[in-house]
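With the hints as constraints, model all of the structure from the sequences given.
As they're listed, the protein sequences go chains B and C. The numbering of the first sequence is this note's numbering, which starts it at 0 and goes up by one. The numbering of the second sequence is this note's numbering, which starts it at 99 and goes up by one.
Each hint should be verified, as a subset may be incorrect.
The list that follows gives simulated cross-link-like pairs (lysine to any residue, SDA-like), each with its CA atoms no further than 25 Å apart [unchecked claim]:
| hint | chain 1 | residue 1 | chain 2 | residue 2 |
| --- | --- | --- | --- | --- |
| 1 | B | K141 | C | T263 |
| 2 | B | K208 | C | T251 |
| 3 | B | K202 | C | C245 |
| 4 | B | K176 | C | R167 |
| 5 | B | K208 | C | A291 |
| 6 | B | K224 | C | T263 |
| 7 | B | K202 | B | G165 |
| 8 | B | K176 | C | K182 |
Keep in mind that the hints were calculated from the coordinates and are not lab data.
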Amino acid sequence: MPAPSKFAQALESNVFLVTCELDPPKGTDPSLEENKIQALKDKIQAVVTSDNPKAFLHMAPLGFCRYLLEQGCETIMTVTCRDRNRLALQADLLAAAGLGIHNILAVSGDYITWGDHPGSTPVYDLDSVQLLWAISQLNQNKDISGDVILGPSPSFVYGGAVTLSGNLLAPQVLKFKKKEQTGARFFMSHPIFDLAGVDEFFKLVPEIKTPLLATVCLVKEEQLKDEAAGRFPGLQIPGYFREKFKSLSPGESEVKIWDYTANLIAEIKKDGRFRGVHLMLQGKEERIGELI
Amino acid sequence: MIVASRKPFEEIKKSLSGYRNILVVGCGTCVAVCLAGGKKEVGLLTSQLRMSYGLEKDPVNISEETLERQCDREFLEMICDRVKDQDALLSLACGAGIQFLAEAYPEKPVYPGVNTTFIGVAEAAGLWTERCRACGECLLAVTGGICPRTKCTKGLNNGPCGGMTEGKCEVDQERSCAWVTIYERLAREGRLAQIEPMLSPGDFRSQTRPGTVTHRAYLRRYHAGSK
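What follows is the structure, given as structure tokens:
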């Protein structure tokens, strides 16, 4: 069995975890994102590489993650259920383990019509709960048909997404519990904008055994002004947040949003209910030092 | 029922280009109910084609016939005399009916006049919505009579995705999230325990195309000798 990944070790430590999303390039050269990689790699516990984010074509995270590892950057590979059936998902996971990629974030994936190939077939042969379960089976050296995997078993550290806010949490909690039962090692929330908004979730789930990272999104000015353009799955910008910043001048609102985001991260760190924070900086990854 | 919608007129006319004698064949069942290919729609399309060819002074003969069903051989055979003199057939039945018409008359070119869309219901006047994907592995007993494979855009089996916003679907904010609806219904009925365990990945072998269903009483007739 390979040594535990750096992220697995961080999960076991007392360190407040910081991870950050990074999209692979839409191209063949992973070094296109070199500046961002260098800015992130020594400041956080892991870079979370997205998988055709918002259903737009990008380099496969399998290749990008391998490049990140070669740059000395710990990585969590996002795997979505949207583009591959159970054979392809498991095949990619075996390849990932073979390439030294051991941390996986398993999600359903933004629907295909959001992206740049809207006429394509969405797959969803497995959903995110079933994908997490499939990974748990691979870790036990068998595929989901029950057949044995040859050679050493993978040792994936796998986690899922969870919704913490909104007024219809009960069905989300039901799904969260199913994910927990698969043996998920960590959870990352959808973006939150304040801590009051997550109280209901913690009432419904008073005891969380699995490390939970709160996701904080650095909102772009254009996302405040144009509600439709700024919308993407999982991002629910509250009305009060929009009102607070949208009337400010362009430069001013950017500064205030950065301050707000940095304060929110600090509050999450102090709060005690979260094991860490996951950042979505939407292209501003090189400035991560200003937030943490 | 099977829901279809008529193809754009220009597409239909383009596909019929070059034929002099065309029979428009309607179907009196599903496509009649969803106002795509019944007797009335056949009449409207026939008139539209005649007017269009007439304006172009193109001598094309358009005739019409609406069968009780196009998915049954006995009804298709009833028009064999009329088909004889035709250069092409334009079917307004669903995809199954169009193909069965083409099988019944292998010497005649057959064209579709509708796009077949889904198995659904008449939600309101002029509004049809999908209910069934014909997956061959019905989950409705577990999911409170609401199909997640059809009514969830992603066809998820184990709960809502993170894109659900205030009970609405990630893809269409006007549409209720199927999993919220399932959850609320099962909660009302005290049956939430049914969806607490993970629903296993679907077995899609029964979706291997083309599908075949044999009634138990006919097994010996069609599958004699097979196991």
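The hints, checked one at a time:
For the given pair, K141/B sits about 37 Å from T263/C by alpha-carbon distance, which is inconsistent with the 25 Å threshold. Distance restraint check for K208/B and T251/C: the Cα-Cα separation of roughly 31 Å exceeds the 25 Å cut-off, and the hinted pair is therefore not satisfied. A threshold of 25 Å between alpha carbons decides the hint, and for K202/B with C245/C the separation of about 30 Å lies outside it, so the pair is violated. A hinted pair counts as satisfied when its Cα atoms are at most 25 Å apart, and K176/B with R167/C does not qualify at roughly 49 Å.
Our distance criterion of 25 Å between C-alpha atoms is met by K208/B and A291/C, whose separation comes to about 22 Å. Our distance criterion of 25 Å between C-alpha atoms is met by K224/B and T263/C, whose separation comes to about 20 Å. Taken as a hint, the K202/B and G165/B pair is honoured in the structure, with Cα atoms around 13 Å apart against an allowance of 25 Å. The hinted pair formed by K176/B and K182/C fails the criterion: a straight-line CA distance of about 65 Å is larger than 25 Å.
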